[in-house]
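Given chain A's structure and the hints, the job is docking chain B onto it.
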Amino acid sequence: MTFLLRALILGLTLLFFTFFYLYINEDKYYPGADFQTSDMPKFELYDLYSEKVINQDNLDGTFLINVWASWCITCRVEHGFLVNLSNQNIPIIGLNYKDEKENAIEWIERFGDPYKFIIHDLKGELALDLGVTGAPETFLVSNGTLIAHYRGEVNDMIWKDVFMPIIKKEGLFKND
Amino acid sequence: MLIEIAHFLTILSTGLFFLCFIFSFLLSSNDTNVINLVSKTYSHSFLLFVLSFLIYIYLAVNDDFRVLYIAQHSNINLPIFYKISSIWSAHEGSMFLWIVFLTIWGAVYNFFTSNNQPLKAKTIGVISLTSVGFLLFLLLTSNPFEIILPIPPENGADINPVLQDPLLAIHPPMLYMGYVGFVIAFGQSIAFLVEGKSEIKWEKQVRFWSLIAWSFLTLGIALGSWWAYYELGWGGYWFWDPVENVALMPWLAATAFIHSLSVSSKSSILRIWTLLLSILVFSLSLFGAFIVRSGIIDSVHSFANDPERGLYLLAFIGFLVITSLLLFSYRFSILVSNKRIISLSKESFISINNILFGTLIFSTMLGVMYPLIYEFIYNQKISVGAPFYNAIFVPITLLACIFMYFSIDSKWQQKLKIDLFKNPSIISSVMAIMVVIFVKYKFLISDFWTLASIFIGMMIITRYIFVIFDYLVLKKFTNIYSITAHIGLGLLIIAIGLNNDLSKERALNIQINDSDFYNNYEFTFDNMKLVSGPNYDSVIADFIVKDKAGNEFMLSPEKRKYFVRGQITTETAIHVTPFKDIYMTIGDQLDDGSWIVNIQFNYFIRWIWFSAILMIISGIFLAYSLSRKRS
Numbered sequence: 000m001t002f003l004l005r006a007l008i009l010g011l012t013l014l015f016f017t018f019f020y021l022y023i024n025e026d027k028y029y030p031g032a033d034f035q036t037s038d039m040p041k042f043e044l045y046d047l048y049s050e051k052v053i054n055q056d057n058l059d060g061t062f063l064i065n066v067w068a069s070w071c072i073t074c075r076v077e078h079g080f081l082v083n084l085s086n087q088n089i090p091i092i093g094l095n096y097k098d099e100k101e102n103a104i105e106w107i108e109r110f111g112d113p114y115k116f117i118i119h120d121l122k123g124e125l126a127l128d129l130g131v132t133g134a135p136e137t138f139l140v141s142n143g144t145l146i147a148h149y150r151g152e153v154n155d156m157i158w159k160d161v162f163m164p165i166i167k168k169e170g171l172f173k174n175d
Numbered sequence: 000m001l002i003e004i005a006h007f008l009t010i011l012s013t014g015l016f017f018l019c020f021i022f023s024f025l026l027s028s029n030d031t032n033v034i035n036l037v038s039k040t041y042s043h044s045f046l047l048f049v050l051s052f053l054i055y056i057y058l059a060v061n062d063d064f065r066v067l068y069i070a071q072h073s074n075i076n077l078p079i080f081y082k083i084s085s086i087w088s089a090h091e092g093s094m095f096l097w098i099v100f101l102t103i104w105g106a107v108y109n110f111f112t113s114n115n116q117p118l119k120a121k122t123i124g125v126i127s128l129t130s131v132g133f134l135l136f137l138l139l140t141s142n143p144f145e146i147i148l149p150i151p152p153e154n155g156a157d158i159n160p161v162l163q164d165p166l167l168a169i170h171p172p173m174l175y176m177g178y179v180g181f182v183i184a185f186g187q188s189i190a191f192l193v194e195g196k197s198e199i200k201w202e203k204q205v206r207f208w209s210l211i212a213w214s215f216l217t218l219g220i221a222l223g224s225w226w227a228y229y230e231l232g233w234g235g236y237w238f239w240d241p242v243e244n245v246a247l248m249p250w251l252a253a254t255a256f257i258h259s260l261s262v263s264s265k266s267s268i269l270r271i272w273t274l275l276l277s278i279l280v281f282s283l284s285l286f287g288a289f290i291v292r293s294g295i296i297d298s299v300h301s302f303a304n305d306p307e308r309g310l311y312l313l314a315f316i317g318f319l320v321i322t323s324l325l326l327f328s329y330r331f332s333i334l335v336s337n338k339r340i341i342s343l344s345k346e347s348f349i350s351i352n353n354i355l356f357g358t359l360i361f362s363t364m365l366g367v368m369y370p371l372i373y374e375f376i377y378n379q380k381i382s383v384g385a386p387f388y389n390a391i392f393v394p395i396t397l398l399a400c401i402f403m404y405f406s407i408d409s410k411w412q413q414k415l416k417i418d419l420f421k422n423p424s425i426i427s428s429v430m431a432i433m434v435v436i437f438v439k440y441k442f443l444i445s446d447f448w449t450l451a452s453i454f455i456g457m458m459i460i461t462r463y464i465f466v467i468f469d470y471l472v473l474k475k476f477t478n479i480y481s482i483t484a485h486i487g488l489g490l491l492i493i494a495i496g497l498n499n500d501l502s503k504e505r506a507l508n509i510q511i512n513d514s515d516f517y518n519n520y521e522f523t524f525d526n527m528k529l530v531s532g533p534n535y536d537s538v539i540a541d542f543i544v545k546d547k548a549g550n551e552f553m554l555s556p557e558k559r560k561y562f563v564r565g566q567i568t569t570e571t572a573i574h575v576t577p578f579k580d581i582y583m584t585i586g587d588q589l590d591d592g593s594w595i596v597n598i599q600f601n602y603f604i605r606w607i608w609f610s611a612i613l614m615i616i617s618g619i620f621l622a623y624s625l626s627r628k629r630s
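Just so you know, the protein sequences line up as chains A and B, in that order.
Every letter in the first sequence is one number past the one before it in numbering that gives the first Met the number 0, and letter 100, counting from 1, is 99.
Every letter in the second sequence is one number past the one before it in numbering that gives the first Met the number 0, and letter 546, counting from 1, is 545.
Accuracy of the hints is not assured; some may be wrong.
[Said to hold, decoys possible] Quick list of in silico lysine-lysine cross-link-like pairs, DSS-like style, CA-CA up to 27 angstroms: (1) K560/B - K122/A; (2) K159/A - K380/B; (3) K475/B - K203/B; (4) K528/B - K122/A; (5) K380/B - K168/A; (6) K97/A - K560/B; (7) K100/A - K560/B; (8) K51/A - K122/A.
Note that these hints are calculated values from the structure, not bench results.
Isolated chain A, as found in the complex:
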């Protein structure tokens, strides 16, 4: 009887921890990640530097959209990783979110520019259509379709666990 009791207590505890171990090691563990596909929204905004009008037709192929702002400290943490990515020839388009133009330009001058170009979204219009809740957020876009969305800082681990699986599955960035 006492043996059974002890075995039961230990067994249940082991089961409990095993479950959580398995749960944590599942891929879907990242609550910030969202793989629902949708079409790239239409927009008309200015380029941060040239003040040229940019709309959805200026975007083609496969690329990342990174939502950032000079007031966002986490973006600063993320920035180094984005520079690495752009050095590996991954095209990144910046979406400067609710930010003063001067601050944003100063920020880029100070920390480096990983972006192909930067869309200046002062009022957060495009961000709203994209479903952005804050900064930083990153989207993976392929031929006019949003295929992955990550809320929060992208780093080595997130890139490997969240973005790489879908990039491999869809066979993206192969020609670049």
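Showing chain B alone in chain A's frame:
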């Protein structure tokens, strides 16, 4: 420079805590020199660690935004109070605080326990090991000392506005204080198991520490419930939010534990229960930390998630829990008592309630785990809500209260004599029935469970009034603090029953200068104004509320938009009366210019927190009286 010093001090104290563990477990712990050594090492290590935390506070107060964490969570414009509380507004800093509290408990125990105490060295050893585990977690996966290079930001970010509230600034510290306080009971029971001498009476020592920790835990939960009510605008006292549940489980286990302790500190009966519960309380506290900090569950409480953290915590907690259970299983024989529990004795009622509390903990755990298991297997998200918990908690809690009621008359190791007519029970039952009949017709309540909780709550309260009478007039000896705590319990179940049954809410759609009636009150929308606060803009709606007797008062619910993050918060307006709160929040403006306002009448909600306060005060006083008796 200071930040590097703080970082270094933390690393140093981690090493010293580890040494402390090594000394206490590898050297013979009956040697006074060894105990002195362990005790000294611990206190030095503790001082270094606390110094490191004080430096951190200094840095936060002085806006040292070279520190990444401070830059991310504090702002130059914040009042000094929030600069300090911003330290525990997110993961790294709150973990830091959590460990500070863990070591404070150890230090206080170390200071007040004499070196002759046979379990002292090993208890401190266990506390040190636990601290080392969490310190490594802090340093390796969530380092609060990280620095931004090369140029620090000028103004910092901002603390989450929901957290800019004096109550929230103290709610997590209280809760952490309660959570980690059980490390002493845990340490002592592990020390007891390692020593393996059944004659050591560790229960007596532990009672004091556990009562204090229990009081903190109760306070933390009550404050959290109050915060959700008036700051988050949730409009109730309990929501079965996963994180509320993971705080409730250790509380339930701790409640069973302190009752079980009162039995096994008198005789060796229920030792198995007591020991298992002491492990369970601390394990559930750690489980709470794991759930919140691994980001497994989405909730208002969750921190930014990082699977590495979850894995580390899981491994360390798993190590602690499984090792202690193996030890428990290995030493099972020294815990077994040859005394039998006499049926209908006080012990028997307490052990029945242990089983009932166990059921509640198990059910809560099931409610927390079920969505995870479901998601794991079927890949779909579901949630377990109030109906599940109510269906289980209401009947089982009432049943436990009935057994508790019988235990009032029962005696230690004696069979309860049921002599209905010579006993105040009969009078208390009659009084309780009268109250129920009165309430039923006065407030038109027909729900069985509400009436049952009023009946049982009244039985407990009226029965205790007789006991208090005996105590005051006939000078009969009783544990007066236990009485006040249980009167608190009686009040709690009555208040919850009435609140559940009577409370009502309605959304009004109202234009400026219009008025509307609800629940015999007239609400007039008087004015709408725009106000700028120090770091937000807000809209304030002024309502004039008039009751039937013509008394007027003003309610001004508010909606704020914070500058830095653009976050919108609702500030509730509450009018408090002894029996009910009138609670208002504003929603959105409609196209025709009218506003949606939500009005709630929350009956007896203050009584819920009042009864919690009664329990907290009783716990503290009981602990105090125990420490007086001991010395």
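Hint check results:
Restraint check: the Cα-Cα separation between K560/B and K122/A comes to about 15 angstroms, which is no more than 27 angstroms; the hinted pair holds. A C-alpha spacing of about 24 angstroms is found between K159/A and K380/B, which places the hinted pair at or below 27 angstroms, so the restraint holds. A distance of roughly 24 angstroms separates the Cα atoms of K475/B and K203/B; the hinted pair therefore holds under the 27 angstroms criterion. For a cut-off of 27 angstroms, the pair hint linking K528/B to K122/A stands: about 25 angstroms separates their Cα positions.
A distance of roughly 24 angstroms separates the Cα atoms of K380/B and K168/A; the hinted pair therefore holds under the 27 angstroms criterion. The straight-line distance between the Cα atoms of K97/A and K560/B is roughly 15 angstroms, inside the 27 angstroms bound, and the hint therefore holds. Under the criterion of a C-alpha separation no larger than 27 angstroms, the hint pairing K100/A with K560/B is consistent with the structure, at around 23 angstroms. Restraint check: the Cα-Cα separation between K51/A and K122/A comes to about 17 angstroms, which is no more than 27 angstroms; the hinted pair holds.
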